[in-house]
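Positions 46 to 593 (the working numbering) are the ones given, in order, by the sequence shown.
Honestly, the hints are just simulated from the structure, not real lab data. From a predicted model like this one, the values you see are computed outputs, not experimental measurements. The reader is advised that the hints may include incorrect statements.
Label pairs and their calculated CB-CB ranges [what the hints assert, rightly or not]: (1) Y277 x N493: 31 to 37 Å; (2) F317 x S475: 43 to 49 Å; (3) K282 x K511: 22 to 28 Å; (4) N318 x K282: 37 to 43 Å; (5) N139 x T548: 39 to 45 Å; (6) S475 x R572: 26 to 32 Å; (7) K282 x Y505: 51 to 57 Å; (8) F317 x T548: 36 to 42 Å; (9) F162 x S360: 49 to 55 Å; (10) Q574 x A245: 39 to 45 Å; (11) L410 x L563: 21 to 27 Å; (12) Y277 x L331: 44 to 50 Å.
Straight-line alpha carbon distances no greater than 25 Å define the calculated BS3-like cross-link-like pairs of lysine-lysine that follow [said to hold, decoys possible]: (13) K408 x K339; (14) K282 x K408; (15) K365 x K198; (16) K198 x K408.
A virtual CB, placed ideally from N, CA and C, is assigned to each residue, including glycine.
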Amino acid sequence: MSLSSARQRRATAASPPTDDGYSKEAKDRRRRPSGEEEEEGIRWFLPFLALGLLRHMSASSNLIHDCDEVFNYWEPLHFLLYRSGFQTWEYSSNFALRSYLYLFIHALVAGPASMIFGEHKVRVFYSVRIFLGLISTITETVLVVALSRKYGKRLACYVLAMLCLTSGCFFASTSFLPSSFSMYAVTLSSALFLLENYAAAVSVAAAGVILGWPFSILVFLPITVLSVIADYYCYGKWTASVFNLLKYNVFGGGESHLYGTEGPSFYFKNGFNNFNFAFILALLFLGFVPFARKKYVPDLLIVVSPVYIWLAFMSLQAHKEERFLYPIYPLICVAAAAVIDTFPDFFHDKYSSEQSIFEKIAKGLRPLILGFILCASHSRTFSMLNGYGAPIQIYQHLEHHEDTGPGSVLCVGSEWHRYPSSFFIPSYISEVWWIDDGFRGLLPFPFNETLGGTTAAPSYFNDKNKASDEQYLKDIGACSLLVELDLRRPYPSRGSDLSTWETLAALPFLDRELSPALYRSFFIPHRWQQNNVFGLYKLLRRLPTDQA
């Protein structure tokens, strides 16, 4: 071999590979915003720690925002664990609208917790909530890391702050609802999409069926089969609760409007309550896309698009609930953060190498706008927790009054919809009964083991929301304990009869009707307590006959 030939080979081996512009590294460099070529993304520890702390706070202090969470999920779970609890008509085997598979997943945590804590059922309740908070923490951490790797630290930090502190995410993250579970799936799917793990993204979220590859429905076929098997085990017959629920709510097979209808603006008002100006910014995302096309199109546009699709679809439904928007809550944070991050681009002159005064001002406004959104969100969260937190706290007082005696009967009137679940009912209380305070809809009944428990099809259930003659306790004199809300209206409450009842506990509860909208919605220091009107949420005990 000649010397010149050897030198030529060594030079060739030492020279860097040519960049033809089509390699993965070159594409990554082009997608990365200018000035961030060498910046590393956020590491896992920071978002996991921040989200973990906030989700733990949510698990320990969150309200129960919807009675469906109690009667369609906490109560059936309580029955699976303790063979007692309330059943709704949707769990009657005649209708079978709810899948037990969702409950079985949570029973994997609740079952061992019930064995560890024994009769301390409240601890089992909070164990499940912590489990939900952990799932939320993991999925949102992956999303933040994915955003930081693709778009840089600033956008990721904005999203992290909103995920931690916006009221919507704080409350939805630990709610025991399928819509919250869907939120986890959408969050993780979006993160995997940004990490370019497309197969896993489609597998995780059903959104992939609508937005991407229609045949990915086959991925969910095994889960559907498992749901059918679980329902057969509990309902005692072959049925598909997923199809039953879709037929009832979407395909015109039922009458969900019987449970309330709202106008087209419902979700927009609700979105503003839970995200304040972040919700408005999220809706403006499409308008900012032209100014950040190179940065956010197509990937982030694809990730954020379910916000518009879901809002449009759900707004067309007559029956609307706040929880129906949970699946897109994290995406609202992403869209709003992207708009804030894009503010300076709106004033950027692509033909000038220098920043204009407006571009500099826009950069300075970014943290101020984010800070205002976070402060308003914290104010909303604080107002909700302090204004409406009394029901759970009052039921926790029950465990301190065992001297009422075994076999006690707890009665609940118009406040049945704030019943926090049988996990808060101590063993000395043998029954919980509803008493007639004028409600004419159908109320839950205790699961009937005699009729078959989960397989039962009791005759007192119907899908017309018509009250049953058997749902109320006829003899109020049988009530040992009573929970009621005294809003101090002109008509007297039962607890005002001091010759019959003694007050064991009473906590302030925000009177929504008489409190100004601004002050009840947001906590304003020195104004919130002065300008709002409060009633008393009471736990009462019947006086012995020799004292009455």
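Structure-based check of each hint:
{"no.": "1", "hint": "Y277 x N493: 31 to 37 Å", "verdict": "violated (20 Å)"}
{"no.": "2", "hint": "F317 x S475: 43 to 49 Å", "verdict": "holds (45 Å)"}
{"no.": "3", "hint": "K282 x K511: 22 to 28 Å", "verdict": "holds (24 Å)"}
{"no.": "4", "hint": "N318 x K282: 37 to 43 Å", "verdict": "holds (42 Å)"}
{"no.": "5", "hint": "N139 x T548: 39 to 45 Å", "verdict": "holds (42 Å)"}
{"no.": "6", "hint": "S475 x R572: 26 to 32 Å", "verdict": "violated (46 Å)"}
{"no.": "7", "hint": "K282 x Y505: 51 to 57 Å", "verdict": "violated (20 Å)"}
{"no.": "8", "hint": "F317 x T548: 36 to 42 Å", "verdict": "holds (38 Å)"}
{"no.": "9", "hint": "F162 x S360: 49 to 55 Å", "verdict": "violated (43 Å)"}
{"no.": "10", "hint": "Q574 x A245: 39 to 45 Å", "verdict": "violated (49 Å)"}
{"no.": "11", "hint": "L410 x L563: 21 to 27 Å", "verdict": "holds (25 Å)"}
{"no.": "12", "hint": "Y277 x L331: 44 to 50 Å", "verdict": "holds (45 Å)"}
{"no.": "13", "hint": "K408 x K339", "verdict": "holds (19 Å)"}
{"no.": "14", "hint": "K282 x K408", "verdict": "violated (62 Å)"}
{"no.": "15", "hint": "K365 x K198", "verdict": "violated (37 Å)"}
{"no.": "16", "hint": "K198 x K408", "verdict": "holds (15 Å)"}
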